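> These are the residues of each chain, in order.
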Amino acid sequence: MQREQTVMKSKSAISEPAPEIIREQKLFKEMGLTEAEYEQIIGLLGRLPNWTEVGIYSVMWSEHCSYKNSKPLLKRFPTEGPRVLQGPGEGAGVIDIGDGQAVVFKIESHNHPSAIEPFQGAATGVGGIIRDVFSMGARPVALLNSLRFGNLSSPRVRYLFDQVVAGIAHYGNCIGIPTVGGEVMFDDCYEGNPLVNAMCVGILNHEDLQKGIASGTGNPVIYVGASTGRDGIHGATFASEELNEGSEEKRPAVQVGDPFMEKLLLEACLEMVKKGILLGIQDMGAAGLTCSSAEMAAKGGQGLDLNLDLVPQREEGMTPYEIMLSESQERMLLVVEQGREQEIKEICDKWGLQSAVVGRVTEGNRYRIFHGGKIVADIPVNTLVDDAPVYVREGRVPDYYQAYQNIRAEEAFLDVSPQEALDKVISSINTGSKRYVYRQYDHMVRTSTAVCPGSDAAVIVVRGTEKALAMSTDGNGRYVYLDPVQGGRIAVAEAARNVVCAGAVPLGITDCLNFGNPEKPEVYWQLSQSIDGMAEACRILETPVVGGNVSLYNETKGEPIYPTPVVGMVGLVEKREHITTSAFKRAGDAILLLGETFAELGGSELQHALTGEVRGRAPVCDLEKEKALYKVVLAAIQKGWVSSAHDASEGGLAVALAESCIDGQKGAEVTIQTSLAPIVHLFSESQSRVILSVPDEYVEEVHQLAEKNGVACSRIGRVTQEAHLSIAVNGTRVIGSDVAELTKRWEEAIPCAMNPSSTLTN
Amino acid sequence: MRFAVPVFPGSNCDLDCVHAIEDVLQEPVEPVWHQEEDVSRFDAIILPGGFSYGDYLRTGALARFSPVMKGVKQAAESGKLVIGICNGFQILLEMGLLPGAMLTNDHLQFRCEMQTLIVENVETPFTCKYAPGEAIRIPIAHMSGNYFCDPSTLAELKQNGQIVFRYAGDNPNGSIEKIAGICNRKRNVLGMMPHPERAIADWMGSEDGKKLFQSMFAYWKENCGAA
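Line order of the protein sequences matches chains B and R. Its first residue numbered 1, the first sequence is counted upward by one per residue in my numbering. Its first residue numbered 1001, the second sequence is counted upward by one per residue in my numbering.
Next up, chain B with everything else stripped away, as it sits in the complex:
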């Protein structure tokens, strides 16, 4: 390997252009590099890069791997806290949960692959995030997702929705990790660019925590898992550009997943972790072998030699460029101490996996790739990671923003009857039951699921302890579109509120920032402002950001999606008896509303369901109030005063009450006094509100607790055995619905929309 010191043009490449041709014909542009970036590479190398090297730089400097557009903004997030063991920068974030255990979690997007190959795109999104978690040494224990689609009246959207859900189900079910929660929303802006964000949560013992690092000169670099094929080449670059008419042709950039292989890889890697064999481990995910090896070397302050002839390949005649950029799934890169190669091989043999020593850690900083006995790339490794360009762009307030600030959204609905509104909203596909989705996910495997999908947050118990973990994904793009600061705050606050309602202390978040093209000033403004809102919420609510992912260029035909930051929140339930759900449970319980209601219908589900529009002002989120609310809800739950807790969010009070009735198959008699119009009060989406049902004997204590913390608390009714929801406002009954009827509308919303023969309206 040491003989050839000059960098050769790859001989096996039939069609690989020479360095001069790459420059003359600007071929680097096809790989997503700009002219300035290409010139920068020449400067760093002191010569023209060859085809393989241009490929390596282009993926390492893609937004997906380098965060070049978002890095300065991401620095605004608080990433530290007393419980944080590992913040952003590794495969996943790690937070202490006591007893020497920690929770590991991360969310990641697979939007573009899912837009053109929904089944495999979604499936491999799940596979990738699982690898991120077990490469930390953690046992993955739960999956969640956050999905956005266009309107189900479009056959293409129905196809995307159906196949994305099937793909997620396929991967998660087969590998045997329960998909316990998530959210799905539908809006026209996602028509051509669905969002598929997958989150994985794992648990580890502190001593098992792993890092993606290459250390110790001379130590072997070992490749484990599936063979490398031509699938997914340039996936990271593809993920970092807008979708367009030609995107279909990029189908080969989408990988194909094999959950069975990943199950074997998972078990084998965890066995290596338990035996303490590993020095470093990193998933070959985005940008495959390139990203994993380069990042590990850079992190270790070491160089790396890779011999591509030793890489297991599933196709013949692959070029170095193809091997380096392949995103074939279910592969892991390991570094172990010299002499322990056999131990790795034995574990891999047991699990029927192939493994191969493909390189060595070297002194210095050279990242050298060998193929056919020749050096085909020779790059200072730190330039791939540390010298990636960073763009601070100009933001501009979009025209619509000011216009919307002056609109009073509630005025359009003053003549609508609350009854009619509830019937419409409860059967909208956004509000309606997501059972159609989650019944396709195995959400009970591993027998730890205490709260199944459908409540505010999912809860899994930690075997052998009294602890449980609550988790939720949230992110309402409409609010962020109308007001990115408020919307950003709400994304974090709602996620926290959901885990609090389940009885958990919020621990931290992982975020997936789904935005349009950041080169557009309006989009950059949305990104920057919403990060401000989120960062502020994370600071005040004490939920640091421990990892995440940025997905930009989510546009179709030049139109950006709603700015959609998705927050994945994990909370710790200290005792199993604190686990709380949103379902009304006991007839006779008092229904208490914590928080205040204002005229806030901008971007509401009522507005969308009735008019199809999203306009006006987003609800305002007062973070200090939010924090006080959590304190009250948590304390009340921990004292055992609470039968059910449910946050009032999309669809407002009316929908929240209906949901608690439906979940518990109980009724409610509600009486509200308000200065607002009934329709406004019932469907306003004011933040920082939670509905509790509380046995009579604790009502006074909850009142006092709320008062002490400055949280408004009003008794608005009682739970009834007869399954009927009755709501009176200012003495007049405005809603009277049998829960059976509501259940039917709510349950049938999505199945009906998926069956076009019964819903064909256009």
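Worth flagging that the hints you see were computed from the coordinates, not collected in a lab. Nothing here was measured: the structure is a model prediction, and the numbers come from that model. Glycine included, every Cβ here is placed at the ideal spot set by N, Cα and C. Certain hints may be false.
Here are the simulated lysine-lysine pairs, BS3-like style, with alpha carbons at most 27 angstroms apart [what the hints assert, rightly or not]:
1. Lys-520(B) to Lys-26(B)
2. Lys-1073(R) to Lys-350(B)
3. Lys-1210(R) to Lys-585(B)
4. Lys-350(B) to Lys-1070(R)
5. Lys-1186(R) to Lys-1221(R)
6. Lys-1129(R) to Lys-1178(R)
7. Lys-1080(R) to Lys-1129(R)
8. Lys-1178(R) to Lys-744(B)
9. Lys-1210(R) to Lys-1158(R)
10. Lys-575(B) to Lys-1210(R)
Among the chain R residues that face chain B by a calculated CB cut under 8 angstroms, a handful are [as the list claims (entries may be wrong)]:
11. Phe-1051
12. His-1107
13. Phe-1110
14. Glu-1113
15. Met-1204
Example chain B residues on the side facing chain R (calculated, C-beta under 8 angstroms, incomplete) [to be verified]:
16. Ala-169
17. Asn-173
18. Cys-174
19. Ile-175
20. Lys-263
21. Leu-264
22. Trp-351
23. Gly-352
24. Ala-356
25. Met-444
26. Val-461
27. Gly-464
Mind docking chain R on chain B? Use the hints.
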């Protein structure tokens, strides 16, 4: 009573079954790697759910050839208790230890849900603690749970009391006569699509699966426990 839980590459309910035995019976239970042929030291075998060998070709079709299944077959033939849950049921069908075959769910989707079952036969080692006709809640989670057999097999199953569980309410997968679980003629081998190991604690949403494991233990104690 010693339980074995064979582990195939791709099994994913193996630990759940181990935990169920530990939690419900506090009896010794061991995962057994698929390469192991000898399972004669065990009194009962639980074939767990999952996707053995990726379920490529057909559900359970590859697992039947694994070394451990030779031992399982011997155990079944010698009258020891063998239960196959979900993928375990599919393997038992592929091996011919139980009659019939499994088709893809008629709605073509994976289905995971709490399911009400009717206990059709309580005179088996797996159901003796249930009441005749008892309605129990046990979750299902499968893509291929659409049980099928020819008319003469069905007639035999009925005649011999081999239909142990039926789905109550809507048929979740298209299974013939809503069959959820069957046993062999000797009644020492049971296959069922629902997961009793997922219904053994209040926080799981049901404890109705407990009695299945308790039945096995009671039967064993009465018939073999003295040994």
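> All hints are to be evaluated individually against the structure, with a verdict given for each.
Hints versus structure:
{"no.": "1", "hint": "Lys-520(B) to Lys-26(B)", "result": "24 angstroms, holds"}
{"no.": "2", "hint": "Lys-1073(R) to Lys-350(B)", "result": "24 angstroms, holds"}
{"no.": "3", "hint": "Lys-1210(R) to Lys-585(B)", "result": "25 angstroms, holds"}
{"no.": "4", "hint": "Lys-350(B) to Lys-1070(R)", "result": "20 angstroms, holds"}
{"no.": "5", "hint": "Lys-1186(R) to Lys-1221(R)", "result": "18 angstroms, holds"}
{"no.": "6", "hint": "Lys-1129(R) to Lys-1178(R)", "result": "22 angstroms, holds"}
{"no.": "7", "hint": "Lys-1080(R) to Lys-1129(R)", "result": "18 angstroms, holds"}
{"no.": "8", "hint": "Lys-1178(R) to Lys-744(B)", "result": "24 angstroms, holds"}
{"no.": "9", "hint": "Lys-1210(R) to Lys-1158(R)", "result": "26 angstroms, holds"}
{"no.": "10", "hint": "Lys-575(B) to Lys-1210(R)", "result": "24 angstroms, holds"}
{"no.": "11", "hint": "Phe-1051", "result": "5 angstroms, holds"}
{"no.": "12", "hint": "His-1107", "result": "10 angstroms, violated"}
{"no.": "13", "hint": "Phe-1110", "result": "5 angstroms, holds"}
{"no.": "14", "hint": "Glu-1113", "result": "5 angstroms, holds"}
{"no.": "15", "hint": "Met-1204", "result": "7 angstroms, holds"}
{"no.": "16", "hint": "Ala-169", "result": "5 angstroms, holds"}
{"no.": "17", "hint": "Asn-173", "result": "6 angstroms, holds"}
{"no.": "18", "hint": "Cys-174", "result": "5 angstroms, holds"}
{"no.": "19", "hint": "Ile-175", "result": "7 angstroms, holds"}
{"no.": "20", "hint": "Lys-263", "result": "6 angstroms, holds"}
{"no.": "21", "hint": "Leu-264", "result": "6 angstroms, holds"}
{"no.": "22", "hint": "Trp-351", "result": "7 angstroms, holds"}
{"no.": "23", "hint": "Gly-352", "result": "6 angstroms, holds"}
{"no.": "24", "hint": "Ala-356", "result": "20 angstroms, violated"}
{"no.": "25", "hint": "Met-444", "result": "5 angstroms, holds"}
{"no.": "26", "hint": "Val-461", "result": "7 angstroms, holds"}
{"no.": "27", "hint": "Gly-464", "result": "10 angstroms, violated"}
Checked against the numbered hints above, the structure violates hints 12, 24, 27; every other hint is satisfied.
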